[in-house]
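Participant: For reference, the chains in residue letters:
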Amino acid sequence: MSNETLLSVKNLEVTFNTPKGDVHAVRGVSFNLGRERLGIVGESGSGKSQTGRAILGLTAANGKITADQMTFHDVDLANLSPKQWRKVRGARISMIMQDPKYSLNPVMTIGDQIIEAYREHHNVNAKEARHRAIDMLDAVKIRDPERVFNSYPHEVSGGMGQRVMIAMMLIPDPELIIADEPTSALDVTVQLQVMAILDDLVRDRGMALIFISHDLQLVSSFCDRVLVMYQGHVVEEIAASALHEAKHPYTKGLLNCLPKMDGNHADLPILEREASWAEG
Amino acid sequence: MIEINKLNAWFDDNHVLKDVDINVPKNGSFGLVGESGSGKSTVLRTITGLVDDWEGEILVNNKQLGPTRDKTFYRLAQMVFQDPFGSLHPRHTIDRILTEPVNIHGLGDSDGRVVQALEQVGLDNSFRFRYPHQLSGGQRQRVAIARALILEPKILLLDEPTSALDVSIQAEVLNLLSRLRRELGLTYIMVSHDLAVVAHMCDDIAIMNHGRIVERATASQLADGTLEHPYSQQLYKAAGGYDRAVVDSFVDWD
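Residue numbers (this note's numbering), protein chains in the order written: chain A, -1 to 278; chain B, 8 to 261.
If you are wondering where the hints come from, they were derived from the structure by calculation, not from laboratory data.
Don't take every hint at face value.
[Said to hold, decoys possible] The following label-pair restraints were derived from C-beta to C-beta distances:
#1 B:141 x A:66: 34 to 42 angstroms
#2 A:21 x B:189: 46 to 54 angstroms
#3 B:140 x A:267: 53 to 61 angstroms
#4 A:275 x B:99: 50 to 58 angstroms
[What the hints assert, rightly or not] Covered stretches of chain B, as calculated for chain A (at least 3 residues, CB under 8 angstroms):
#5 21 to 35
#6 91 to 102
#7 107 to 120
#8 222 to 230
#9 248 to 259
[What the hints assert, rightly or not] Below, computed lysine-lysine pairings styled on DSBU-like, alpha-carbon distance capped at 30 angstroms:
#10 A:250 x B:244
#11 A:258 x B:78
#12 B:244 x A:245
#13 A:99 x B:161
#14 B:33 x A:258
#15 B:161 x A:139
#16 B:161 x A:258
Keep in mind the model is a prediction, meaning the values are calculated, not measured.
Ideal placement from N, C-alpha and C gives every residue a C-beta, glycine not left out.
Go ahead and model the full structure; you've got the sequences and the hints to work with.
Facilitator: Here is the structure:
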């Protein structure tokens, strides 16, 4: 792991203009990312997904992004034209979404979708692209890549669908992957298997990863570093291995309120929120 | 309170429950754990009469259940579903949602009952005339629990009651369910994919895979990690977070 900075975000703010007034989803988030695995953890509405989407310019039309700095290598992500974005998205930064049921095209075969992703960024003929796509399906440990290549998304299971997503997002060989709850819709064992595939590929290809999840334990067992978000702020940044030394009451509260398999049926500690946490 | 012997169920040609035996004492709390497709929810749905094609014996309160359920059954046993966004009528106020079962069963005093049910689940009266979309996920699940409680049942069938909720809200709802069981002397069957939730809530636990109970355990056995069946061991390890070496030891149970 080198110390070079891939992505630098300073004071990122995302505000949505809604009929009920402005909603301030992300309030002053700053971080630097090298070739490492960064976890972003928070509960619903904490702004973790919006942080990830803002980096890729995927904020909804009624949202406004401001940042003192948002650069990927030397590319200024804050001021890209749609044409320039197309050169970054997929090719250099790509995103794995939560549910393959909604993020894969239901009327296109899996193979065609992967080929489309590849040929968008690589000028190769159809035969070569097909070959690459099948290799990629093999790399995400799909046992019968030829069959899956010719299947439609509804014909495969959730775990298989998410492997397909990973194959599609990794085939253009991006440098940074943003995974937004990539395994939350899956069963625990399948979830870990999919994470293992992601783990191996990210390691082999030397990619950087931003792993967004609500599951603090899971993230800390997978990432190098974790940002804990609450109401749009990063309340704590902590090395994943030092999670048990978390200082912020919100992080501690999140850890404590998890049910444990210790045979103890006493009431779980309730997270008492304090207004000051939302002030950053 | 609930006794199930050799329960088998089918969806068309698909044999989804295979010889399931469950015994829950009065005021007991029984947990069913498994992954999707294991048949854990189907057990609850069969008890409440949402599955047509089944064989075996289901005794609730020492009374054998036939192919249909009558009103007395639903006064005795109520179900709480997983998704608080799907299980409440979007165009009915909380008041109407809670009043409906009272009227169906002709219990009377719907006003007093609604107030009491809201109070039991820790919602104040200001929620009474709101619509579900004006409530958070945790508040909606409280309403779903209130709707089940308003008929003063003795049994609650809980189908993943907290899986759609954030962990901090999950803790609140689990505490609420524990308190209600203590105070009202309820009997629970709780279904979850989360081993830790079930271990926390239940005294007896059954682990299901492909329609079959592969292992039974007590909460203290789970605490010690003394599970015997390889599938349950795998689930137990998976609950411990991500570990590359552990994942390599996983076997597909398809």
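Participant: Does residue 258 (chain A) sit within 30 angstroms of residue 33 (chain B), going by the straight-line distance between their CA atoms?
Facilitator: holds (25 angstroms)
Participant: Please test the hint of 34 to 42 angstroms on the beta carbon pair from residue 141 (chain B) and residue 66 (chain A).
Facilitator: Distance hint for residue 141 (chain B), residue 66 (chain A) holds at roughly 37 angstroms.
Participant: At a Cβ distance under 8 angstroms, does chain A reach at least three residues of the segment 248 to 259 of chain B?
Facilitator: holds (count 8)
Participant: Going straight from one Cα to the other, do residue 99 (chain A) and residue 161 (chain B) come out at no more than 30 angstroms?
Facilitator: Violated, at about 39 angstroms.
Participant: With a Cβ-Cβ cutoff of 8 angstroms, does the segment 21 to 35 of chain B contain at least three residues near chain A?
Facilitator: violated (count 0)
Participant: Residue 161 (chain B) and residue 139 (chain A) were given as a pair; does the straight-line alpha-carbon distance stay at or below 30 angstroms?
Facilitator: violated (49 angstroms)
Participant: Take a look at whether the Cβ-Cβ distance between residue 275 (chain A) and residue 99 (chain B) falls inside 50 to 58 angstroms.
Facilitator: Violated: the Cβ-Cβ distance is about 35 angstroms, outside 50 to 58 angstroms.
Participant: For the segment 91 to 102 of chain B, do at least 3 residues have a Cβ located nearer than 8 angstroms to some Cβ of chain A?
Facilitator: Coverage by chain A is violated for the segment 91 to 102 of chain B (0 residues, Cβ < 8 angstroms).
Participant: Tell me whether the statement that chain A covers the segment 107 to 120 of chain B is true, taking a Cβ distance below 8 angstroms and needing three residues at minimum.
Facilitator: That given contact is violated, which follows from only 0 residues of the segment 107 to 120 of chain B lying within Cβ reach (below 8 angstroms) of chain A.
Participant: Residue 258 (chain A) and residue 78 (chain B) were given as a pair; does the straight-line alpha-carbon distance stay at or below 30 angstroms?
Facilitator: Answer violated: residue 258 (chain A) to residue 78 (chain B) is near 38 angstroms, above 30 angstroms.
Participant: Quickly compare the C-alpha distance for residue 161 (chain B) and residue 258 (chain A) to 30 angstroms and report which way the hint goes.
Facilitator: Holds. Residue 161 (chain B) to residue 258 (chain A) sits at ~27 angstroms (cutoff 30 angstroms).
Participant: Verify the proposed pairing of residue 244 (chain B) with residue 245 (chain A), using a straight-line Cα cut of 30 angstroms.
Facilitator: Within the cut-off at roughly 28 angstroms; holds.
In summary, the numbered hints that this structure violates are 2, 3, 4, 5, 6, 7, 11, 13 and 15.
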